[in-house]
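4 protein chains.
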Amino acid sequence: MTEDQPEAMAGEHADEQAEAHPKEHIAPGRLQAFSDGVVAIAATLLILEVKAPASDEPVWAGLRHEWGALAAYAVSFVIIGLAWIHHHNLFHQVRRVDRTLLLLNLGMLATIAFLPLPTATLGNHLRGHDATAAAVFYSLSMAAASGWFTLFWQHLCRHPELLHPAARGQSAAARRQSLLGPVGYLAAALVAPASPLGSLGLSALLVLYFLAGRGAPAGRVRIRSGG
Amino acid sequence: MTEDQPEAMAGEHADEQAEAHPKEHIAPGRLQAFSDGVVAIAATLLILEVKAPASDEPVWAGLRHEWGALAAYAVSFVIIGLAWIHHHNLFHQVRRVDRTLLLLNLGMLATIAFLPLPTATLGNHLRGHDATAAAVFYSLSMAAASGWFTLFWQHLCRHPELLHPAARGQSAAARRQSLLGPVGYLAAALVAPASPLGSLGLSALLVLYFLAGRGAPAGRVRIRSGG
Amino acid sequence: MTEDQPEAMAGEHADEQAEAHPKEHIAPGRLQAFSDGVVAIAATLLILEVKAPASDEPVWAGLRHEWGALAAYAVSFVIIGLAWIHHHNLFHQVRRVDRTLLLLNLGMLATIAFLPLPTATLGNHLRGHDATAAAVFYSLSMAAASGWFTLFWQHLCRHPELLHPAARGQSAAARRQSLLGPVGYLAAALVAPASPLGSLGLSALLVLYFLAGRGAPAGRVRIRSGG
Amino acid sequence: MTEDQPEAMAGEHADEQAEAHPKEHIAPGRLQAFSDGVVAIAATLLILEVKAPASDEPVWAGLRHEWGALAAYAVSFVIIGLAWIHHHNLFHQVRRVDRTLLLLNLGMLATIAFLPLPTATLGNHLRGHDATAAAVFYSLSMAAASGWFTLFWQHLCRHPELLHPAARGQSAAARRQSLLGPVGYLAAALVAPASPLGSLGLSALLVLYFLAGRGAPAGRVRIRSGG
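Chains as they are written, first to last, in the numbering used here: chain A, 1 to 227; chain B, 1 to 227; chain C, 1 to 227; chain D, 1 to 227.
Since the hints were derived computationally from the structure, they do not count as laboratory data.
Among these hints, one or two may not hold up.
As the list claims (entries may be wrong) - Stretch-level coverage of chain A by chain D, calculated; a stretch enters the list once three of its residues show a Cβ under 8 Å from a Cβ in chain D:
| # | segment |
| --- | --- |
| 1 | 37-48 |
| 2 | 58-71 |
| 3 | 83-90 |
Values in this document were obtained by computation on a predicted structure and should not be read as measured data.
The C-beta atom is built at its ideal place from N, Cα and C for all residues, glycine as well.
Please model the entire structure based on the sequences and the hints provided.
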């Protein structure tokens with residue numbers, strides 16, 4: 001009778017819940033596990049875009065030739081790591097997942113899994129003739145990836161019943177703060193025509209600002225193992 | 001005595017269960033974790049098939065040249081994301097996993113892990129001379145991947161004891177609805193000779209229909225963290 | 001006080017356990033999660049070794065040209081899937097992980113993560129002039145990967161205290177059965193000089209035999225979510 | 001009321017905790033799951049850097065040509081596997097994760113995800129004219145990856161409240177022992193100009209020493225499933 005306890009519990013309660021709450025509510029646990037997988041893979045695939053010095057190429061010269069790709073790797077890895085932190089902070093505050101959150105999450109994952117492409121593009125072009133276009137493409141991709149958090153909070157502000165009660169009071173502030181990412185990366189796109197390297201530097205500055213725990217929900221909410 | 005609690009419990013109950021139920025029953029928890037991994041990786045590998053503009057190629061022209069690959073990426077990513085949702089909904093309703101389900105699952109994972117190949121093929125050929133063959137290959141691959149759900153439900157209809165009691169009444173409807181995927185993608189294959197782009201568009205429409213929560217079990221059953 | 005419950009429990013019990021049992025015992029839960037990750041990724045990376053038809057190559061001809069790679073993909077994917085099933089069955093019966101099991105597991109993972117290389121080699125050469133060598137390399141790699149299970153059971157037969165009590169009586173039989181994999185793949189290596197395709201066919205037959213639940217522990221023990 | 005139990009618990013306790021402990025404390029569970037993902041992927045991607053013999057190349061000659069890449073694969077895989085073991089041992093002793101640990105962990109993951117690049121570089125060059133530079137790059141990368149553990153323990157020695165009480169007495173010893181990795185790999189870098197192969201051999205010796213459970217925290221602390 002106690003065998004398969006987690007499953008048995010899930011099953012019996014599922015039966016009870018069939019009446020207890022609407023069908024469109026989805027719990028956040030498995031969604032996070034799948035999202036963790038996609039985000040971890042996207043971050044780790046980035047290094048495949050940096051070419052190892054070929055066997056007929058001097059090692060240090062080959063690595064110097066890839067400095068643009070290495071810089072793009074470093075910035076993108078940390079951006080994806082920050083997205084993971086923000087994602088966890090957000091879903092830590094979510095009590096139920098509705099279909100809109102599920103689809104927003106799928107869209108965000110598609111955008112994050114896309115980031116190796118602009119990262120490779122910037123890595124190929126940062127030293128070249130078309131660096132401006134590469135920096136614009138990179139910054140716009142980052143703006144798109146971070147923009148999903150604003151959509152998440154917009155939806156959560158309108159549907160506070162999806163949040164844990166203690167998180168409801170902060171959702172308007174979280175939505176406001178979530179704008180910093182897309183606005184900052186759009187600013188980096190605007191800087192690109194003047195200086196492609198400056199544009200990447202601005203993204204790096206934004207990342208350092210987030211890392212310092214300022215200006216974003218990441219610094220204000222805890223990640224807990226229950227979530 | 002309380003150390004290693006989850007393992008200790010698993011172990012002692014395993015001993016009791018050795019008599020309590022037949023050996024071929026397998027619980028769905030670990031199966032889902034492994035399946036999540038394969039599905040998340042297959043989705044994230046898709047972007048590797050889109051070529052970043054090389055350092056001697058203009059950025060925007062290079063990306064325009066890849067628009068077919070980008071469109072295929074977007075459709076395939078969402079199809080794999082939907083397969084993940086369907087997979088979870090299905091196994092949320094499964095109480096015990098028998099050997100047939102285990103093998104069906106392995107077959108489905110092999111098909112999903114295969115999808116980067118037809119996606120890359122369609123991406124390479126959507127603008128080219130052999131676009132029809134690529135669209136047929138792509139659509140048939142998607143039909144094969146989604147067809148496993150019909151086989152799953154066929155088996156579950158014949159073995160309702162594998163389902164949670166509350167899910168047994170819906171299994172015939174779920175089997176019927178699961179036909180929409182393979183039938184729809186077969187229709188996309190038939191459209192390919194007339195218009196390869198139209199064939200991809202039909203797959204995209206099908207995806208939007210599923211995303212809207214219609215015509216598939218995804219819209220009817222909740223994902224819960226227990227499952 | 002109830003916050004962070006799993007961690008708090010882990011922590012307090014850890015303190016008690018420091019005296020309660022020897023330091024070399026390691027619980028199997030996290031080991032399985034990490035192993036699942038490596039195995040799922042190795043299986044999913046296999047498809048990257050099959051080349052999509054290039055944009056200037058007819059689609060069906062390109063795929064026909066890759067039939068060797070496709071056959072190798074299919075056999076390797078199912079072999080890795082079976083390894084995952086065997087791995088879970090084995091660790092489901094393990095109560096404590098000692099350092100030897102930890103190192104055997106690391107060795108097995110290194111061998112499984114290696115399998116995309118012989119798979120790609122066989123895919124490149126099955127239709128070519130050096131197909132025998134490729135089939136020998138492939139079969140020996142599979143023999144090495146499956147041979148770890150014999151080492152696992154050899155160690156568990158000598159240290160039954162690592163097993164759940166109910167599993168101890170079967171460990172000698174499991175060790176004997178675990179020989180079928182390495183012996184079968186060695187036979188496939190011996191067949192290769194006569195017929196490389198026959199060698200791959202023999203591996204496929206072996207896989208079908210395992211899939212049918214015969215001759216291997218996979219058919220006799222259940223996977224449970226607790227393990 | 002019992003539905004979604006883990007989430008509901010997490011939510012309600014989160015509310016209570018808002019007062020109970022400072023906001024910067026983060027529990028280690030999810031951090032480990034994400035870290036597991038990145039580490040497992042980095043280890044499994046390594047094999048992609050070993051080139052399978054092309055279809056017009058003899059198989060054994062092609063593999064012999066890759067012996068440097070194969071040796072680098074073996075050493076790097078085991079180094080990453082050891083890093084996973086050390087990472088688990090460390091976080092098993094951590095009770096709460098503060099922002100500094102979170103950022104140190106992100107830095108360590110970025111370094112581990114980077115390792116396929118120096119591994120591919122060494123693989124390409126170990127038989128070539130620039131083997132010294134490749135061995136220096138490889139050794140310095142390993143020193144950097146292992147150096148994070150010293151920074152972790154340095155922080156934990158200063159903030160013992162982050163550790164489980166029973167682990168506090170050992171943190172100074174763990175910090176001292178964590179120096180063996182970076183110091184050993186720096187020694188391997190110094191050996192490189194005399195003998196690049198000897199440098200890789202020294203790293204392999206260091207790995208064998210860790211595998212034997214000596215000189216590093218790995219041999220002294222248990223991994224448990226609760227952590």
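Comparing the hints with the structure gives:
1. 37-48: n = 10 at 8 Å, threshold three: holds.
2. 58-71: With 5 residues in contact (Cβ-Cβ under 8 Å with chain D), the coverage given for the segment 58-71 of chain A holds.
3. 83-90: Three-residue rule met by the segment 83-90 of chain A, so holds; n is 3.
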